Each structure stands twice: as C-alpha cells, then as structure tokens.
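In case you want the letters, here they are:
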Amino acid sequence: MPGPTPNVDGDAPSDDSDDGVRIDMISGARMDGLTGMEKIRLILDGVRDGNIVILEEGLSPDEESKLIEVTMTEISPDDFTGIEIETYPKAETANQSFLDKLMGRESTQKLTVIGPANQIETLHKDENLISTLVSRK
Amino acid sequence: MGLLTNLKDSISRVTDGLFAADEPKRIGIYGPPNAGKTTLANRIARDWTGDAVGPESHIPHETRRARRKENVEIERNGRKVTIDIVDTPGVTTKVDYKEFLDHDMEKDDAVRRSREATEGVAEAMHWLREDVDGVIYVLDSTTDPFTQVNTMLIGIIESQDLPALILANKTDLPGSDVQQIANAFPQHETIPLSALEGDNMDEVYTKIAEYFG
Chain C
210 MPGPTPNVDG DAPSDDSDDG VRIDMISGAR MDGLTGMEKI RLILDGVRDG NIVILEEGLS
270 PDEESKLIEV TMTEISPDDF TGIEIETYPK AETANQSFLD KLMGRESTQK LTVIGPANQI
330 ETLHKDENLI STLVSRK
Chain D
73 MGLLTNLKDS ISRVTDGLFA ADEPKRIGIY GPPNAGKTTL ANRIARDWTG DAVGPESHIP
133 HETRRARRKE NVEIERNGRK VTIDIVDTPG VTTKVDYKEF LDHDMEKDDA VRRSREATEG
193 VAEAMHWLRE DVDGVIYVLD STTDPFTQVN TMLIGIIESQ DLPALILANK TDLPGSDVQQ
253 IANAFPQHET IPLSALEGDN MDEVYTKIAE YFG
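Sequences listed follow chains C and D, in order. Under this note's numbering, think of the first position of the first sequence as 210, with each following residue one higher. Under this note's numbering, think of the first position of the second sequence as 73, with each following residue one higher.
It is worth saying that the hints were derived from the structure and are not from the lab. Model, not experiment: these values are computed from the prediction. No residue lacks a Cβ here, since even glycine has one placed at the ideal position from N, Cα and C. One or more of the hints may lead you astray.
[As the list claims (entries may be wrong)] Ranges of calculated distance between the beta carbons of each label pair, as one might list FRET restraints:
no., chain 1, residue 1, chain 2, residue 2, range
1, C, 340, D, 245, 26 to 36 Å
2, D, 177, C, 345, 24 to 34 Å
3, D, 198, C, 232, 46 to 56 Å
4, D, 147, C, 282, 18 to 28 Å
5, C, 246, D, 118, 39 to 49 Å
6, D, 147, C, 327, 20 to 30 Å
7, C, 258, D, 261, 37 to 47 Å
8, D, 96, C, 229, 48 to 58 Å
9, C, 345, D, 97, 47 to 57 Å
10, C, 232, D, 149, 54 to 64 Å
11, D, 176, C, 287, 16 to 26 Å
[Unchecked claim] Cross-link-like lysine-lysine pairs, in silico, BS3-like; alpha carbons within 27 Å at most:
no., chain 1, residue 1, chain 2, residue 2
12, C, 319, D, 179
13, D, 279, D, 152
14, C, 334, C, 319
15, D, 166, C, 334
16, D, 166, D, 97
17, D, 166, D, 179
[Unchecked claim] Not the full set, but computed from the structure, chain C residues with beta-carbon under 8 Å of chain D:
no., residue
18, 284
19, 290
20, 291
21, 318
22, 320
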C-alpha cells in the first residue's frame, strides 16, 4: 500500500485518495517565520487542493485584506469559487493597550478556519464555538 | 545652503498641509453585497449634486467597479465638507457564477458578471488599504450582521485608523433590527436610515460632516 506522498512544501504529507478531507492545522510558530504573501500562498494553495486549513493564530487585518484580494483574483468558473473563512468574533481593539497599538503589536491570536467555499458551510458560530459542515469535493 | 533648503522644505510642508486640508476627502462606501450601498451613494449624490452615481439592482454584484462622484459638498450646521464618494462592490470571499443563473441570466453573461465582480472586490480591497480617507459602512438591518466578512472588514478599517460611520440601512422593511447592528459593533456609532425612502438622511448628513469634515 503506498504511503502518504510529500506535499509541495516538503514536510507535510498529503493523501491523494478521494475518501477523506484533509485538514492542515498550522501553528502560530510555523506562520511566524513567513511573510504576509507566503502565508496567503500557503493558505490558498491548501484550500485550492480541497483542504481545510486551520490557523492557530489567524491573520492580521492587513493580511486578511490581502487574502480576500488574492482570492478574488484566483476565482475561476467551474474550478474555484472562493473561500469560506471563520474566526471567533473578538473585539480586538477593545482588548489592546495603547502601547500595543503604538508598537504595532496587533492582537491577532484567533483560531481561524479556512476552506473551499463549495466544501465548507458554517452551521453555527458564536464567541466560543465554530461549527462547520465539511463535504468532499 | 542647508539652512535655506530646510527653510524651503518647512514652508513647503506648511503650504502642502494647507492645501491638503481643502482637498476633498475620499469616502469609501463599503459593505456586503445588497446592503444598499449604491442606493445610498445615489441618494447622497442626488441630494447635493443632482446626479446619480450608478444603477441600483436587487441582483447581487450590480456594482462591479468602484464608482466615484467627485466634489460632493455637504453643508450641515454652518459646516461644509467636500467629499468624493466612492461606491464600491459588495465585499465577499466567494463568487459563484451559478448564483446569477437564478436571475434569468445566460451562462456567458453570468460568467462575465462573476469575473467582473471578483475584479471589483479585489479593487475595493486595494482601495481600502491605499486610497480612502474614511469609510461609510452600510449594512442591511434586516439581516444578521455577525458575519465573517463584516467582522474582517471592520477589523481592517480599524487597523487603518480610518474614521468609520456604520449605517443600518433598510429600516423601511419589516424585520429591520437596528439594535442588532449596534450590538455587533458596539465600538462604533450606528445610524439607522432608509436610503431608498430617504428616511433619517438629515442625521446621516450631520454625522458625515462630523466624522469626515
């Protein structure tokens, strides 16, 4: 039986079989070493392969803005219809101190789930729970 | 020589600042699809210039390019503010041409519309990061405001330190719940209105002068 094959990024195994949905849980430490565009590429490459990507610490508002922009440029009929993204609602600015804002330390630590728009549907979301239905391609 | 150069630079900075204060502020009208952004843009433009900005429609993504109405002068309580209104496409994270087929559209037209919509949303996001001085965020008060797109966009606007006015539109419709919007974004003031009927526009103009003047 063939084992998992290496992914394009070299260290995460991938499974080409059609009988499951792959979930990539990416730690904050892993994302810390990447530029904004590298993060977006990592997310979109995974999502376009039909994977669900879970980010331990989410993206900054600027990165979220660029994620939407790049997603839009990649949408194509009958191939990729975009992304579904969910994070816990959080009043970030209210929890941020003036010094944090001054130093550019944005509070972005919020678990984020991203998947292909045609495969993931949010059933329920509140401050403590994100419930999603994931279907196969 | 260095002293003269410094002096020239200082004078230039001061004069630039004076002229910049007179320049119209670019105010982006943002929000999800079908919130009534173009209806609002047209209402403001018609009230103060006599012209409209663009066509309105119940079909999502009718506005697929950011449209600008320049030099709209709004006078309120002796205070005058000149703004360029930028009506933007409804922001979303997904566009599927098949949704347009439900609106009696041929596939070719639906595909073209979806392609234009994606380009428009990308452009709107770019504008938000680079080219607007303030934001009017329009929400349909008959729908749930606790969506990911709303949360992200408000977060993006706040991170840019842009002045933002939240408008709870469509108060003329049954099921309108302005309080729900106020609860969703308690850090911002929420102004109710019906852009279609022109209800409460007086308060909207007062707030525009206050926030962007």
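Hints, one by one, checked against the model:
Against the hinted window of 26 to 36 Å, the Cβ-Cβ separation of residue 340 of chain C and residue 245 of chain D comes to about 29 Å, which satisfies the hint. A beta carbon spacing of about 29 Å between residue 177 of chain D and residue 345 of chain C agrees with the range 24 to 34 Å that was offered as a hint. Between residue 198 of chain D and residue 232 of chain C the beta carbon distance is about 31 Å. The supplied range of 46 to 56 Å is therefore violated. Take residue 147 of chain D and residue 282 of chain C: their Cβ atoms lie about 41 Å apart, and the range 18 to 28 Å is violated.
Restraint check, residue 246 of chain C to residue 118 of chain D: a C-beta distance of roughly 42 Å satisfies the suggested window 39 to 49 Å. Residue 147 of chain D and residue 327 of chain C have their C-beta atoms about 49 Å apart, which leaves the hinted 20 to 30 Å range violated. Taken as a hint, the range 37 to 47 Å holds for the pair residue 258 of chain C and residue 261 of chain D, whose Cβ atoms sit roughly 43 Å apart. A C-beta distance of roughly 55 Å is found between residue 96 of chain D and residue 229 of chain C, which places it inside the suggested range of 48 to 58 Å.
Taking the beta carbon of each, residue 345 of chain C and residue 97 of chain D are about 49 Å apart, inside 47 to 57 Å as hinted. Taking 54 to 64 Å as the suggested C-beta distance range, the pair residue 232 of chain C and residue 149 of chain D conforms, at roughly 56 Å. Distance hint check: the CB atoms of residue 176 of chain D and residue 287 of chain C are about 20 Å apart, consistent with the given range 16 to 26 Å. About 39 Å separates the Cα atoms of residue 319 of chain C and residue 179 of chain D, which puts this hinted pair outside 27 Å; it is violated.
A threshold of 27 Å between alpha carbons decides the hint, and for residue 279 of chain D with residue 152 of chain D the separation of about 12 Å falls inside it, so the pair holds. A hinted pair counts as satisfied when its Cα atoms are at most 27 Å apart, and residue 334 of chain C with residue 319 of chain C qualifies at roughly 14 Å. Annotation: proposed proximity of residue 166 of chain D to residue 334 of chain C holds, straight-line Cα distance about 19 Å (limit 27 Å). Restraint check: the Cα-Cα separation between residue 166 of chain D and residue 97 of chain D comes to about 30 Å, which exceeds 27 Å; the hinted pair is violated.
Annotation: proposed proximity of residue 166 of chain D to residue 179 of chain D holds, straight-line Cα distance about 18 Å (limit 27 Å). With a least beta-carbon distance of about 5 Å to chain D, the hint placing residue 284 of chain C at the interface is held under the 8 Å criterion. Evaluation of the residue 290 of chain C hint against chain D yields a held restraint, the C-beta minimum of about 4 Å falling below 8 Å. Because the closest C-beta pair between residue 291 of chain C and chain D is about 3 Å apart, less than 8 Å, the hint holds.
Because the closest C-beta pair between residue 318 of chain C and chain D is about 13 Å apart, greater than 8 Å, the hint is violated. Given the 8 Å rule on beta carbons, the hint for residue 320 of chain C is violated: about 13 Å separates it from the nearest Cβ of chain D.
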